[in-house]
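Undergrad: For reference, the chains in residue letters:
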Amino acid sequence: MNREAAISLLIAAGLLAAPLLGNAFDEPFVITLATKVAILGLAGTGLNIALGYGGMVSLGHAAFFGLGGYVAGILASHALNYEPLFTAPLLVEGTTQMLIIWPVAIVVSGVAALVIGALSLRTTGVFFIMITLAFAQMVYYFAISWPAYGGEDGLSIYIRSEFPGLNTLNPLHFFAICYVLLILAIGFSFLLSQSRFGLALGGARQNAQRLATVGISPFRVKLTAFVISGMMAGLAGALYADLNRFVSPSMLSWHTSGEIMVFVILGGTRRLFGPAAGAALYIVLENTLGDVSEHWLLLLGALLVALVLFARGGVIGILAGQTRHA
Amino acid sequence: MPEPILQTEKLSKRFGAVVASDAVTLDLVAGEIHALIGPNGAGKSTVIKQVAGEIRQDSGSIRFAGRDIGRLDMVARARLGLARTFQVSSIAPEFSALQNVMLAVQSVERKTFRFLKPARSDTSLKEQAMSHLVRLLLDDRAEIRAGDLSHGEKRALEIAIALALRPKAFLLDEPMAGMGPENTAKLIEILDGLRTEAPILLVEHDMDAVFALADRISVIVYGRIIASGTPEQIRANEEVRRAYLGDEGHDGAA
Amino acid sequence: MTVSLIVEQLLNGLQFGFMLFLMAAGLTLIFGVMGLINLAHGSFYMIGAFACAAVAAATGSYWVGLAASLAAAAAAGALVEVAVIRRLYRRDHLDQVLATFALILVFSEGTRWVFGSFPLYLTVPDFLSGPVALPGGIDYPLFRFAIILIGLVIAVGLFLLIARTRLGIRIRAGESDREMIAALGVDIRKLYTTVFAIGAALAGLAGALVGTIQSVQVGMGEPVLILAFVVIIIGGLGSIVGALVSAILVGLADTLGRFLLPVAFDTFMDSSTANNVGSALASMLIYILMALVLFLRPTGLFGTRAH
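Residue numbers (the numbering used here), protein chains in the order written: chain A, 1 to 326; chain B, 1001 to 1254; chain C, 2001 to 2307.
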């Protein structure tokens, strides 16, 4: 087993152990933090497919994350007040079943990623960054100015959605759901990266002209990856809304996009467990630096600048003793 | 003469005031190597780029394998069977040589959108890719990172990738560029054998290679074909001699 | 709806457009010359506004405050360029995005540390307060009118700077060929610092001017930054003319959209729905415009280079 695999296993085990210990020592806050890490790690794992494997620097993944959140919030709010979402052409009612909410969140964020990706991928490089950022901002402003679902104030979810056979209000149960989804997403990323599609995606990242010359459309390959990436972020968003029992435009804000990107880079792009490690580190920093100073973001910013300038390859890169950063 | 596989008709392209291609009409028939020669900046690569679909002609048409391809993009033309190599090697540098060829093989199989099965354990995919590396004498370099290959090996890798596309025609843009005499000799031998698989439109500066390989030669100067014929005819052509001599000293025209 | 109201909205749009231009011009210059995407550009906008507010309050002079906004933003720009940005030119866009995103955290949190979380307010100087009477009996706030003029003057000045001065020649040379300009013996580091500082100063000035009619608070630069990106996408990268035309287009579309769309929808639906739909659509209008431009002309209206 190489060092990266060993470190990955350690991260997976550590993330599983933290809430169990938290439970044993009666520190429920630790369980919440671990759940947050799992969910944000899932969003980062999604972004890693676009950004790491596909080389698409998306600064707009908050749009998919937030849409997933709003799907959960909107469906739950309709379930609560027994008002159907639509009556025509067919009756669509709200629901609090995760097994319904997740596919809807995945489809909605996937469609959004398809539209945003199809337009953004007409360009590359710095334009791609600015355009994904701008489209996410559009969704953000829409959420603010559309009053039906709380507008600027957001939308509360009064009852956490349900999962058959589990008590989602039990923090450990809810953590287990998020953790399993995270591991599944990482497993899927692994298979994807090793597959024929992964090969084509790597080709598109390294040299789009080469890929086109062998008759594979870089646009289609990248767009497919972008949609998969957005879907994962959307699923994470639905979980995040359930964790907080609240969804607001801040989930859609560009700070959220930036943070998801920070998780990925902090952990190391194209590292399977990189985003989860990055999210964990970020949450730990937030809570330790937050104790030191209320201006902890200043310290975090300085730390990130230092990381970019002096330590390339992310945390896993440093731990695995190899810097890789293309 | 048999029906040509590739036929350009009055292909023209201007970049601002510069005429890069001026009514270029040429064809490529089965079994031949058709070399395109001319001084630097004469527009040889521009012809290749137009045929491959990298740049769009201002006017004129391109027929390939019985259809008009003048409005198709690079991807579509490659899928129809046009295999192109670049003047400056264009490879996926982080992939191994083998992976670079595997991309072409999976493209031909039309099986790119497979998400879960590891490509690495796909023995048919690997074996096919390997067979093309073998032909270019690269089999012992298969697992080397393509970016770490030597210059000559990169040139050969590009041809292996082109070969893997099972093309109906090759477009080779200066395959010998920057190669030593030994490698050039090896490559001449390989290209010589390639023409029976698919005809080759060859842009090349190495005149020894051109005259050793070409069945037909077209000479292009200032974007215009001034002569076309067998190597003997070209060697004897007065206008060609004059154009080359006259152009000496100011080759810089882009 | 009266003509004067429409004229007022038109002028508001123009004023907004010029402020966007000040932001977008700096961004596009910095990208054009150094190839850098700078997310922290909005921070200079904020720094300019805070410097103006603080100095105006301390000295009692708005004009000293305005000068301070230019100086503070330029100084912050130069400092950041030397300390951080300079090391990013040769890096990929991902590193640039992450580092400049981190710089936003530093600047925003630093500003909050010094000035606290409450917004500051600037007072319009006496001789620019009150309305100006425009032809046709239209009253328009004099200060906003002055902003339009200042924007116009700066736009013209910037064109002259780039077209006529030695610095402009170097900037244009830097845009077309980075190696050559170094070979010509121009001190490229100094040039980069200068360009960065100029871009920052323009942003700082915009922040101070807009801060005077709105409020001065942490994070004020970020929405403007994203709008400036939209301006650049529509106008085309590296084109100052494109940035100007596009900035005014975006300024007008946004302002008029917010004003006209709810009114327009009101003609065929009930007024509360019309207001909701209209204002939601208005908030997305310029992004829809951007999508349209991308669809029809991916290089932007004035973009020459492929992205």
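Simulated from the structure, these hints should not be mistaken for laboratory data. Accuracy of the hints is not assured; some may be wrong.
Label pairs and their computed distance ranges (CB to CB) [stated by the list, open to error]: (1) Ala1065/B - Ala6/A: 30 to 38 angstroms; (2) Ser1059/B - Ser2271/C: 52 to 60 angstroms; (3) Leu2079/C - His255/A: 19 to 27 angstroms; (4) His255/A - Val1088/B: 53 to 61 angstroms; (5) Phe29/A - Ser2215/C: 47 to 55 angstroms; (6) Val92/A - Asp2266/C: 51 to 59 angstroms; (7) Val1088/B - Arg2172/C: 26 to 34 angstroms; (8) Gln1087/B - Trp2063/C: 33 to 41 angstroms; (9) Phe2268/C - Gly151/A: 17 to 25 angstroms; (10) Ala1065/B - Arg2090/C: 44 to 52 angstroms.
To be clear about the criterion: a stretch of chain A counts as covered by chain B if any three or more of its residues have a C-beta under 8 angstroms from a C-beta of chain B, and this derived list gives those stretches [stated by the list, open to error]: (11) 193-200; (12) 266-275.
Please read these numbers as outputs of a predicted model, since none were measured by experiment. Glycine is no exception: its CB is placed at the ideal position from the N, C-alpha and C atoms.
Undergrad: For this structure, which hints from the list above don't hold up?
TA: Of the numbered hints, 1, 4, 5, 6, 8, 12 do not hold.
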